[in-house]
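A.B. asks: Using the sequences provided together with the hints, build the complete structure.
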Amino acid sequence: MNPSGILHRKLPRRVMLSTIALAFFSSQLPASAATREPLYGAYSYDPLGRKLSTYLLPCEDSYRQGKHLQSEQCFRSLLESSHPLLQAEAFWALDDLQSANNAMRAAQQEHPDSALVRSRWGDLFMQTYQYQQAFNLYNEALTLDATYPPAYYGRVRSLQAGGGEPELLQSSLLTLNQLKLNPELSLHLRLEEVRIALEGDMYDEATIALANARDFAEQESLSLLEVISLEAVLAFMRFEDPQPIIYKALALNPTWAEGWVELGHFAEITRRYRQEYTFLKNAVTLNPNHWQAWLDLGQTALRLNLVEEANEAIKRSYAGDAFNPRTINLLRLLDTFNNTMVVSAYPQPPQAGSPELELRLDKEEKAVLESYVADLALESIKVYKQRYRLQPKAPIVVELFPKHEDFVVRSVGMPGVGILGVTFGYLFAMDSPSAHVKEDYYHWGTTLWHEMAHVFTLEVSEHLVPRWFSEGISVWEEWNSGPVRGRKIPLSVYKAMAEDKFLSVSELDNGFMRPSYQDQVIVSYMQAGLIFDFIGDYLGENAEEKIVTMLYAFKEGATSNQVLSHATGMTIPEFDAAFKSWITSEYGDFLEQLPKWQGEVEEGLQALKEERWAAAAASAMKALSIHDKYTEPNSPWLILARAQEKLGQTKLQCDSLLRYWQEGGYATQPLLQLTRLLLDGNSPEAVTTAIQVMQELRLADPFNADLHQILGDLYLEQNQPLLAESEFSVLLALSKQTGGPRDLAPIHLNLAKVAIALNDLTKSMDQVMTALTIAPSYRPAQKLLLELSRLQTENSSNRGTSND
Amino acid sequence: MAIEAALGVNLMKSYPCVFFLRLLFLTGGILSFSPQAQATLYYVILEGLGGTATYTANFSSQRSQLEAAAASLPGTELKVFLGEEATREVVRSWFEQLKLKITTTDSLALFLLGHGSFDGEQYKFNVPEIDITGEDLHQILTELPGGPHLLVNTSSASGALLELFNPQKNTSQRINNNDTSQQALEELESSVLVITATRNGNEKNATLFGSFFTQALSLEAADLDKNLRVSAQEAFDYANAQVEAVFKEENRLSTEHSQLLGPEPKQFNLARLDEQQIATEGSRLAQLLSQQESVEARIEDLQRQRSTMVNSEYLQALQTLILEAARIGEDIDQIVIGIDDPAGEKQ
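Read top to bottom, the protein sequences are chains A and B. Numbering-wise, my numbering puts 383 at position 383 of the first sequence, and it's gapless, one number per residue. All you need for my numbering is the position in the second sequence, starting with 1, plus 804.
No wet-lab data here; the hints were simulated from the structure. Check before you lean on any hint, since a few could be wrong.
Unchecked claim - Straight-line alpha carbon distances no greater than 27 Å define the calculated DSS-like cross-link-like pairs of lysine-lysine that follow:
1. Lys905/B with Lys883/B
2. Lys366/A with Lys763/A
3. Lys1070/B with Lys736/A
4. Lys67/A with Lys51/A
5. Lys555/A with Lys382/A
6. Lys783/A with Lys1070/B
7. Lys883/B with Lys403/A
8. Lys366/A with Lys403/A
9. Lys366/A with Lys1052/B
10. Lys363/A with Lys1052/B
11. Lys495/A with Lys629/A
12. Lys495/A with Lys382/A
13. Lys622/A with Lys609/A
14. Lys580/A with Lys629/A
15. Lys646/A with Lys609/A
16. Lys1052/B with Lys736/A
17. Lys315/A with Lys363/A
18. Lys609/A with Lys629/A
Claimed, not checked - Chain A stretches covered by chain B per the calculated footprint, using a threshold of three residues with CB under 8 Å from any CB of chain B:
19. 590-602
20. 734-748
21. 766-777
As the list claims (entries may be wrong) - Computed list of chain A residues with no C-beta within reach of chain B, every gap over 12 Å:
22. Arg64
23. Ser171
24. Asn324
25. Arg326
26. Ala435
27. Val437
28. Asp509
29. Thr549
A virtual CB, placed ideally from N, CA and C, is assigned to each residue, including glycine.
C.D. replies: Here it is, written out as structure tokens:
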């Protein structure tokens, strides 16, 4: 397929040059000028406000026009005002938030009935991220004036930022829409609608709303700066050059950094981090006191692996705005980067050119994880380089965080998000297996395989691949080339399939970015993966190659619909219908019997709980007769195996666990149990399978000491000393972890045996003496020492004889 | 030639279990292999009030494990206080009697299983009627002749006792396995070895430590030096690690931090893990066991001197002693195989 048929305009690269041009404008900015939200006409609603606005607005206007020196002088003059609210505004504008707060308190005492004062005080709390206090003040303002729009608007913002009750937020929004608003706030809200349309990729709607907003602003003689900024964003989202449009705003206000910040936001949500970085560099060049821009720049620099620059930017942001929790989180994270993470480059030993891979691991975990992570990452790079016809231009950086919240802060700045991995281009971060110690269902190897696929899909498409397509390929790779083959679909997704909740492919991005029900994100992941399995079946021969060609088309600016239609020859409705039909052929029978299957699984679990083993086995077998591919939590294979164990049916139990593993199950304890059963069987084939099970299990639970002990022993028995040495070395590394093995003498004894197998007498003596230093009475080690000592004597004697 | 082949044995195979057997020999009824040779170890268990059925069962289970551990050690005299009889008065009275009986070569291990409290000034262990105070425990243990004696208090707030038993030092100067310098040991020579479940009196949640500590006394996994005995240090280390692992696994802030204070915890054995074998006095086996005991004692002496020696010299000396022990062990094994297998089938 030739992608040139769907060629679209490429994003001009002139954007990259804009930083230099902007240096001129920044010279006008006094150092003390701070970033400040516009007033949105807050002073226009009551007589007190209107009276004070005659003093305040000239200062504000100067600032909005980029005349920061003039604005600063104006605000300084207001410090002498006898009115505390004007003083508060002046302190605030001059970045003295503590004095502003004191003046606000004085203003409130002087004007206890003023909704304006309380509302502005609430705004000040919003600026310092104290959403609850802000919310309280907005409510107090509304008690004084139930129709005061700025207080309603403030309440909406505080509820949004502070994660307030959705019902209250909704009702506040409704009320706000019914109020008579001043033109400034009205324009601001119209522009919010434009942002929502842009974030939803509804560019036609955004275009109309933006044109209306421009007309309105012009009619009301309002500032066009925000309008122009969003016009630049619209251009950017349509792959046009936003810079000429931003220059129109800069002609009105040469220090207008918000335009670049706005562009940065949209570059971020469309994962174009390098462009985001450029936009934010422009922003801080224009306004070095734009603390939010410094923070965003820091976060983006971190995503681009520019750690030092990120450090500087985030510290710069903190120096100006010490209240932002995201800044504080990121500073803490940088401490983690500097103090506990270590970087190692691959291949080892180094070869010519830059490294292919860099691992950033916690230093406490490095000895356990490094070899497994490096091997798998290098393997995935090899597979993907060939499949996606891409030679990476920089080392791919892989970070594993032992603390989930560190990983989340690294990814999005704030904790509390349930993600496992995030890819930013040539860098991805993910949870270390130690972040999920209590869970049996985190397979870090699969997560790594998934994220590495994103590196290639993002780079191939120059970050223009739609979310669903990129996720779909990653899931497809997991299932078809990853460490645990086969589709692993959670029950919630089967339920969604049965309820016909799959979206049209043209709307699938919404399932990821604007989920409308609890499990929609995971449902969307699975749907995207299934779409690629379907495309693979549909396209038949060379399907893989054709999928890669589709990916390349995004680089040229093609849309999902164009790419799909071109590749499959179907319209989107036809594609959706064909996919649905394929789903029916794959899962129709199962989905029809899903309630029955669920009933049998639940009955099986209940029977296990009540120790009715035969009943549990019967229910599990009925469930398996309906669908035997389910290996997620509460798999019927595991119910059956447990029941068989209790019934003393060891051979059948082993068979059930084996099927569970063969179907893609990877829960640690059942697989360790399988391993033991296989080893008890003592046949060479069973031992080979046991080794294979454990090798795979390392990609799920590498911190499990039993796993390395058993595997190390097996390798020793199989005379594979180097592999055994690796496992016993990991065991030693694990001993330094909380909960790791503490009985070190047997590990050193095993390492001594490894050295013997490697014909290294000196090392063997060292290891056996280490074991005996820990445990002098350890008889097996004593015996080995004795044997080694006799051998040494014998060797010396032989040398003496031969010398004679 | 490969070393493995040269050794003439398949080192990958496990060793016959006979290597793990420890032997005792009878000398006029006295089991001479006891770490406190010729002496009595008084094993005293005080089970406090459980309050709820769950705690009561838990403490009872810990007590059973301690009783089994006591039974495993030769030369041990067990005393258990529990239920309504475990009052302050009864306990104090029993210790008054013990004072008259205990000799200077004897030692005592006192285990407190139950709930404790600390009001900021005084530690109390909950028993029927009047609670036993920290001062009571201090008086009981410091007035006893002999020693060193061991106090293991697994209760909540038990760390309050640390200051009481070591008033000249603050708790940061605790002596643990990593700080057994001669000077520190000498300073504490006459004091009591104290193990607590918490680091101070303010850790007041019910503890996990006791369950793991008592569990350790029958576990090979706790016997890190492989001498088939579980010392106070080993049981402490095992329990401490298990408690840490539980809090880590549950992603909770730890509410207890166990402590160990006092001299030579490695030398204070609380249980043995092997089966007892009998050797007739004057026999070759008895001689070998005696030699083995002597070598092990020399190894222990050497270990104590480690910090004063150059590492290479230490390792050389250790290797020499261990080789000696290994040769004796080999001779013992040959005799034991003969005892176990009179028909000589294993030979």
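A.B. asks: Hint by hint, note whether the structure agrees.
C.D. replies: Quick rundown of the hints versus the structure:
no.	hint	in the structure
1	Lys905/B with Lys883/B	holds (14 Å)
2	Lys366/A with Lys763/A	holds (24 Å)
3	Lys1070/B with Lys736/A	holds (21 Å)
4	Lys67/A with Lys51/A	holds (24 Å)
5	Lys555/A with Lys382/A	holds (22 Å)
6	Lys783/A with Lys1070/B	holds (24 Å)
7	Lys883/B with Lys403/A	violated (48 Å)
8	Lys366/A with Lys403/A	holds (14 Å)
9	Lys366/A with Lys1052/B	holds (19 Å)
10	Lys363/A with Lys1052/B	holds (18 Å)
11	Lys495/A with Lys629/A	holds (15 Å)
12	Lys495/A with Lys382/A	violated (37 Å)
13	Lys622/A with Lys609/A	holds (18 Å)
14	Lys580/A with Lys629/A	holds (20 Å)
15	Lys646/A with Lys609/A	holds (12 Å)
16	Lys1052/B with Lys736/A	holds (14 Å)
17	Lys315/A with Lys363/A	holds (25 Å)
18	Lys609/A with Lys629/A	holds (23 Å)
19	590-602	violated (count 0)
20	734-748	holds (count 6)
21	766-777	holds (count 7)
22	Arg64	holds (49 Å)
23	Ser171	holds (37 Å)
24	Asn324	holds (26 Å)
25	Arg326	holds (23 Å)
26	Ala435	violated (10 Å)
27	Val437	violated (6 Å)
28	Asp509	holds (34 Å)
29	Thr549	holds (46 Å)
Hints 7, 12, 19, 26, 27, counting from the list given before, are not met by this structure.
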